[in-house]
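As they're listed, the protein sequences go chains A and B.
Counting from 1, position 159 in the first sequence corresponds to residue 159 in the working numbering; the numbering is continuous, with no gaps.
Counting from 1, position 148 in the second sequence corresponds to residue 1148 in the working numbering; the numbering is continuous, with no gaps.
Think of the hints as simulated: they come from the structure by calculation, not from any bench.
Positions of the beta carbon are idealized from the N, C-alpha and C atoms, including for glycine.
Please note that the accuracy of each hint is not assured.
Stated by the list, open to error - Example chain B residues on the side facing chain A (calculated, C-beta under 10 Å, incomplete):
(1) Leu1062
(2) Leu1077
(3) Ile1163
(4) Asp1168
(5) Tyr1173
(6) Val1207
(7) Ile1208
(8) Tyr1210
(9) Ala1212
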Amino acid sequence: MSYAWHWEVFLQPAGSGETTYLGWILAGFETTIALSLLAWVMALLLGGLMGVLRTVPNRALSGLAATYVELFRNVPLLVQLFSWYFILPELLPPAWGNAVKQMNPFLQQFLAAFLCLGFFTSARVCEQVRSGIESLPRGQRNAGLALGLTLPQTYRHVLLPMAFRLIVPPLTSEFLNTFKNSAVASTIGLLELAAQGRQLVDYTAQPYESFIVITLLYMLINIVVMTAMRWLELRVRVPGYIGSK
Amino acid sequence: MYEFDWSSIPGALPFLWEGMKVTLKITLTAIGVGIVWGTLLAMMRLSSHRVLGWLAAGYVNLFRSIPLVMVLLWFFLIVPRFLEHVFGWPPGGDTRLASAMIGFALFESAYYSEIIRAGIQSVPKGQVGAAYALGMTYGQAMRLVVLPQAFRNMVPLLLTQAIILFQDTSLVYVSALADFFGVAYKVGDRDGRIVELLLFAGAVYFVICYAASMLVRYFRRKVNA
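Here chain B stands alone, though its shape is the one from the complex (with noise of 0.2 Å):
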C-alpha cells in the first residue's frame, strides 16, 4: 500500500500563497475585462449595426471554437514573437504572466459575451420602450435601465463562470507559469511527493469552488424570489 507523507507540505505553503496570488492575480483581471469586454461585445452583436453585429459574432464564435490550451499556446509561443517581429521589442523578455492575463481576458470575454447578451435579451422590450418614451438616448436607456436588470439576473451565471475560470487559470501551466497548481506540482516533484501534493491542490480548488458554487444558489434563490 501506499505510505502517504505529507511532511512537504507546511514548509512550502509560503510558496503555495504566492503562487494563489498569481492565480487570483489572472482570475480577477480576467473577470474585469470579461466583464466590460462582454457587455461591449453583447451589445455589438444586439446592436442594429450591421457590420458590428458580424464583428461580435465573428470574435465570440472563433474563441469558443478553439481549445483554451490552444488559445493560451497562442499567447504564450506565437503573440510575442509576432509583436517582436512586428514592432522590434526586444526578444527574450518574461511576458508569461501578461500573456496569461490578456490570453484568458480575451477568452473569457466571448463566454461572458453570450452570458450578457442573453441576460440583456430577458429584459421585457417595454422597458426599452420607456426609456425611449422618457426622452432618454440609446446610452442612457441602456446604462440606467437594460444593464441594471440584466445584470441583476445574470448574478448567479456570471459568478457560475467565474468559478470555471478560476479552475482553469491552472493551465498557465502550459507555460511553466508558477500559479497555485503549478507551484504545487514543482513541490512534489522536488520531494518525490506528488501523490500529496496533488491531493492538496484539489482539496484546496474543491472547498473553495464548493463554496463560491453555495454563493451561487444562494443568489440564485435571491433573483428568483
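Next up, chain A with everything else stripped away, as it sits in the complex (with noise of 0.2 Å):
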C-alpha cells in the first residue's frame, strides 16, 4: 500500500490561514465539550422533574410526564434536531422566530442541538429517575409522610437523595451517549468534532490521520467521563446495597 503518512499536517495553517489543522480540531473538540455539557445539566434538571411527576400520586401529571417520554423515546434524535433547528422558528411568534433567524449560524445551530440533546437526554434521564424513584421500599415514602413532611419535602430530602445515588451507573452510560449523540450536530453545519473530522478529510488529503485524531478524541472523552463517574460512584453509593462493600 502506498499512502505516504504525514501527521505533521495538523501543524500546517488551514482556511484563510489564522490557525492550524490542529486548531481546526481543538475548535471542535471544544464545542463538542460544551454543547454536551450544557445539554446534560438540562437533562439532569428536566429528567429530573419529568421523572418525580411520572412517580407522584396524580394520574393527570404522570401521564403528562409518560407521554412526554414516550414522545422524545419514539422520533428518531435526526428527526428531533431537524425540527428544532427548521421547524421552531417558523412556530414561534413572527417576532421570536425572526430573531432567531438573525442570529448568527453557529449561535443558531448551537442552540437548536442544545435544545435537541438536552430534551432528548431529559427523557432517557426521566425513565432512570423513575425506576431509581421505585426502586425504594415503599416504606420511605410513607415514613417521610408519616413524620409530617409534605410530598414535595418527602422528594426533597428522602426520596430523591436515595433515588439518585442508586441510578448513578445508568446516568453515567446516558452521560456517555450525550456525548456520542452530540455529534448529530454535524448533520445541521454545526463545526463540533465530526464535522471537523469531515473538513479535514475535504482540505488535507490525509483521510486517515484525520479521522485517526478525531476518534482518539472521542474514545479519549470516553474515557475521562467513565473515570470521573466511577470516582463519582464510589463516593456516594449507599451502604448495604449489592455494589457497595
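Assembling the complex is the task here: the two chains are given apart, and the hints tell you how they should meet.
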C-alpha cells in the first residue's frame, strides 16, 4: 500500500491561515464538550423533574410525563434535531422567529443542538430517575409522610437523594451517550468534532490521520467521563446495597 | 402564523415508500448480522480462552465508545478509499448502501453482544452442568440448552435495541443516501415545505416505534409470567 503518512499536516495553516488544522480540531473539541455539558445539565434538571412527575400520585401529572417520554423516545434524534432547527423558528411568534433567524449561524445551530440533546436526553434521564424512585422500599415514602413532611419535602429530603445515588451507573451511560449523540449536530452544519473531521478530509488530503485523531478524541472523552463517574459512584454509593462494600 | 400546506405529501408517497424500503433493508440486515455476530462475540467474551475474550472485549468497547455518526463516516469516506488503495478496486462506484449495511451491522453487533452476554449469564449454572452431565459437548450445550433459554429472556431487550436501530438508520443522512428520512427531507427542500415533511416523517417514525414498544411491553409480561 502506497500511502504517505503525514502526521505533521495538523501543524499546517488551515483555511484563511489564522489557525492550523490542529486549531480546527481543538475548536471542534471545545464545541463538542460545551454542547454536551450544557445539554447534560438541562437533561438532569428536566429529567429529574419529569421523573418525579412520573411517580407522583396524580394521574394527570404522571400521564403528562409518560407522554413526554414516549414522544421523545419514539422519534429519531435526527428528526428531532431538524425540527428544532427548521420548524421551531417557523412556529414561534413572527417576531421571535425572525430574531432566531437573524442570529449568527453558529449560535442558531448551537441552540438547536442544545435544545435537541437536552430534551432527548431528559426523557431518558426521566426513566432512570423513575426506576430509581420505584426501586426504593415503599416504607421510605410512607415514613417521610408519617413524619409530617409534605409530599414535595419527602421527595426533596428522602426519595431523591437516595434515588440519584442508586442510579449513578445508568446515568453514566446516558452521560456518555450525550457526548456520542452530540456528533449528530454535524448534520445541521455545527462545526463540532465530527464535522471538523469531515472538513479535514476535504481540505488536507490526509483522511486516515484526520479520522484517527478525531476518533481517538472521542475515545478520550469516553475514558475521562467513565473514570470521573466511577469516582463519583464510589463516593456516593449507599451502604448496604449490592455494589457497595 | 405559519400556514401549513400538506399538498406535497400525497404525490411524494411512492418516493417515501422507496425510502422506507432502504430504511428497512438496512435495519433488517443489521438486526440479522448483529444478532449472529453479537452471539459469537458474547460467546468469545465468556469463553475461557483469554485471547478470544480480549479480542471480543476490545471490539465491543471500541464500537461502544465511538459515536455512530463517526462510524458511518468511517464506512462512507475512509473504508472505500482504503479498499481501492489496497485491493485496487475501481474507484467511484456507489458503495453507500453497502457501506451503510456493513457499518450498521458491525456497530450494532457490539450492542447486541452486550445484551446477549447478559442473557447468557442469566441462565443458571446448573443448566450447563446438567448438559455436560448428559454427555453434551460445549457446542451442543450452548445450542440446545443455554442459548434457547437466554434468547427467550432477551426478546424484549433485543426488540428494544431493534427500535433504536430503526430510528438510528436515519443517520445515513450523512452520506445523502435516500432512506425514508432522506427522501422526506429532499421532498421538503424541493417544495419549500420542510416543516410539513419533517412533521410527517416524525409522525411515521413515532407510530411505528410506539407500536413496536407496545409489543415489547407484551413480550416483557410474557417473559416475566
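Going through the hints against the structure:
1. Because the smallest distance between the Cβ of B:Leu1062 and any Cβ of chain A comes to about 8 Å, under 10 Å, the interface hint for this residue holds.
2. For the restraint placing B:Leu1077 at the interface with chain A, the shortest Cβ-Cβ distance is roughly 6 Å, inside the 10 Å limit, so the hint holds.
3. Below 10 Å, beta-carbon pairs count as interface contacts, and B:Ile1163 has one with chain A at about 8 Å; its hint therefore holds.
4. Because the closest C-beta pair between B:Asp1168 and chain A is about 7 Å apart, less than 10 Å, the hint holds.
5. Here the hint on B:Tyr1173 is kept, as its CB sits about 6 Å from the closest CB of chain A, short of 10 Å.
6. Annotation: interface hint on B:Val1207 holds; nearest CB of chain A at approximately 8 Å, less than 10 Å.
7. At about 8 Å, the closest approach between the beta carbon of B:Ile1208 and any beta carbon in chain A falls short of 10 Å, and the interface hint on this residue holds.
8. The closest approach between the C-beta of B:Tyr1210 and any C-beta of chain A is roughly 5 Å, which is under the 10 Å cut-off, so the hint is satisfied.
9. About 9 Å separates the beta-carbon of B:Ala1212 from the nearest beta-carbon of chain A, less than 10 Å, and the hint is met.
Hint check: no violations occur; every hint is consistent with the structure.
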